[in-house]
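S.K.: The lines below spell out each chain.
Number of protein chains: 2
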Amino acid sequence: MGKERVSIYHIAKEAGVSPATVSRVLTGNANVSTEKRIKVEALIKKYDFRPNAMARSLSSTQTKLIGFLIPDIRNPFYATLAVACERAANERGYSLMLSNYLNDMELQEQNLQKMIEMRVDALIMIGGKVDEMVSDEEYVEKINQITDTIPVVITGKLDGSDCYQVNIDQKKAMEAAMEHLIAYGHQKIALIGGRKDVNSTYTKRVTYRSSLRKHGIAFSADDIVETPEYSVECGLQVMDRIFDSGQELPTAVIAINDFMAMGIMQSIRRHGLFIPDDISILSFDDTFIAESETPCLTSVGYDYDRFANTLVETAIMAIEGKNPSKMQLIPPKLVIRESTAKYNG
Amino acid sequence: MGKERVSIYHIAKEAGVSPATVSRVLTGNANVSTEKRIKVEALIKKYDFRPNAMARSLSSTQTKLIGFLIPDIRNPFYATLAVACERAANERGYSLMLSNYLNDMELQEQNLQKMIEMRVDALIMIGGKVDEMVSDEEYVEKINQITDTIPVVITGKLDGSDCYQVNIDQKKAMEAAMEHLIAYGHQKIALIGGRKDVNSTYTKRVTYRSSLRKHGIAFSADDIVETPEYSVECGLQVMDRIFDSGQELPTAVIAINDFMAMGIMQSIRRHGLFIPDDISILSFDDTFIAESETPCLTSVGYDYDRFANTLVETAIMAIEGKNPSKMQLIPPKLVIRESTAKYNG
DNA sequence: TTGAAAGCGCTAACAT
DNA sequence: ATGTTAGCGCTTTCAA
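These protein sequences, in sequence, are chains A and B. Residues 1 to 345 (UniProt numbering) make up the first sequence, in order. Residues 1 to 345 (UniProt numbering) make up the second sequence, in order.
Derived from the structure by calculation, the hints contain no laboratory data. Model, not experiment: these values are computed from the prediction. Wrong hints could be hidden among the right ones.
[Unchecked claim] The list that follows gives simulated cross-link-like pairs (lysine-lysine, PhoX-like), each with its CA atoms no further than 25 Å apart:
#1 64(B) to 114(A)
#2 13(B) to 39(B)
#3 342(B) to 188(B)
#4 172(A) to 326(A)
#5 142(B) to 46(A)
#6 46(A) to 114(B)
#7 45(B) to 114(A)
#8 39(A) to 196(B)
#9 114(B) to 64(A)
#10 39(A) to 114(B)
#11 13(B) to 46(B)
#12 157(B) to 326(B)
#13 64(A) to 13(B)
All chains, please: the whole structure from these sequences, using the hints.
M.R.: Structure representation (structure tokens):
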């Protein structure tokens, strides 16, 4: 390497001003005579000087960093959200410090500690432990300890915690799905995937049942299938099992997310049936996968930019001491494509 | 908020030791009597104390941060690599500072500056400007300015720069693809997608042609199709165009990546043909998409963990002043699935 | 408008 | 083995 690191002192000396003045032109929050400003700015350019963010943070007790904890960036839902959040944060002068906990509680804990050591100004946590039906008391205590110092925005549910919540309106999402399918004449509708101890899934299930009731359709326990994961693999297995069981096939399947839908579609095709002619498929999340499948998936999506903006905006408002709403809902929107069709029984 | 921030001074005072001793037990790189160590550790636990990473970095001139610049995390190839790199970095006591530049040169520049301000210990840059055929002189100069201070590891090509390179062996990758297809009796093989000014794509093309030559198969310019992007959309459009043109259809198509393959498959299905019966498809990257398509894609993949380890290990060796190889190659591996079949012309 | 000086929380020489 | 001290590179009072 080599090349001595230049600091505001070097700049100050060469410009014949005090370090404080250099700092002032850097931060821009104090008046500096145009004469000196120009001189300093020239030096900054000359040396391609970049202020040390660590020193700056240490001194200002603001890192302009937002921690972003997600389950797995390889899931397009999180990837889409992450990119949107990064943009939203950048636009507001913040950076995202992203990390994946890969459904590993220990790793989540480690990542959390790392964020705290980095003194992130706020924390955005998505899914996982913050979205379980029965909130773990010990965990809530830990999070509350954090919210004492750092604002925490979650997507999910954490009873008794002092977090800001930004959630997708799961009820509306499922209602939209069911209305669409029922309007298309489907009565035998399966809901496949997800764990009932996950809040978002739980809400979807409850809404699924109330939609059936509302339309006077009988509920059959067979039609809700739980899966340990939200993966392609699980979707495939579950659908295969339904075929193998010999039970009456659904005329429409609602997949808990796009991954699950991919697996379900694979299974259906392998059993020689056609989508949507024999079975309609509808999924949640509307990631790029929905558009890329053949046929393209009808999917309940969200305005990801809006979702991200709300998340980031809430975090920043909290940082700045303004009082954002404790609970906000993101409306879903149904995108009708080719994978659903009228029931032609 | 509230709750006064505890520092090593608080701990030191309460433990009746000097701040230096607390620092010593924190870093673990100096001897401390078990008696004092236990006392300090107890206090650390009591207050759930986390050392301020900013202060630590400022003082030690090491951030334990590796900047990770990628085009777009929504592409599963990068997502897979990013997760693997994050894990690799964590295992070695480093954190990844990830950012996407979304094919926006200005954004890449901004992100780069952010990384420099954060004083990352090293930089890993993937794709984009560092993988163009003709290296931009001005850009090389800028990167070289960085390599004066920070080791830079790239995946791609940047002539005249002082970067460490870790690349996929594109030549072997394409050879594997061609050998497979030709062994299956294909002669009319199309190579779809990518820009020839991208180094990895360029190498693939050259190898494609030499493979044909080696096997005495005539080359037809129609069989290589360029696309501005590496997207599903582009794949669909290109394949539609091939159908519409009325030209002789290829019996096998090599897609430049999994996205492209998805689009191509969509188009083929819509034209009423079957994969692999009518046309074989082979792609590069072997992301989860390859396994999730129906039929599952034959794809040339890589050992992502190995790739990531090499990337991170190289960065860390450079940080530590050891001299990693300037140029390393990651071998590809062909995964044969259902989308390719023997030519039954 | 500007400079001097203190301090952010840690690490690392240097002494002891 | 341990304490003292001097920074690391900024920001921010406080005076002038």
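S.K.: State for each hint whether it applies.
M.R.: Consistency of the hints with the structure:
no.	hint	verdict
1	64(B) to 114(A)	11 Å, holds
2	13(B) to 39(B)	11 Å, holds
3	342(B) to 188(B)	13 Å, holds
4	172(A) to 326(A)	20 Å, holds
5	142(B) to 46(A)	13 Å, holds
6	46(A) to 114(B)	18 Å, holds
7	45(B) to 114(A)	16 Å, holds
8	39(A) to 196(B)	45 Å, violated
9	114(B) to 64(A)	11 Å, holds
10	39(A) to 114(B)	24 Å, holds
11	13(B) to 46(B)	14 Å, holds
12	157(B) to 326(B)	12 Å, holds
13	64(A) to 13(B)	31 Å, violated
Against the hints set out earlier in the document, violations occur for numbers 8 and 13.
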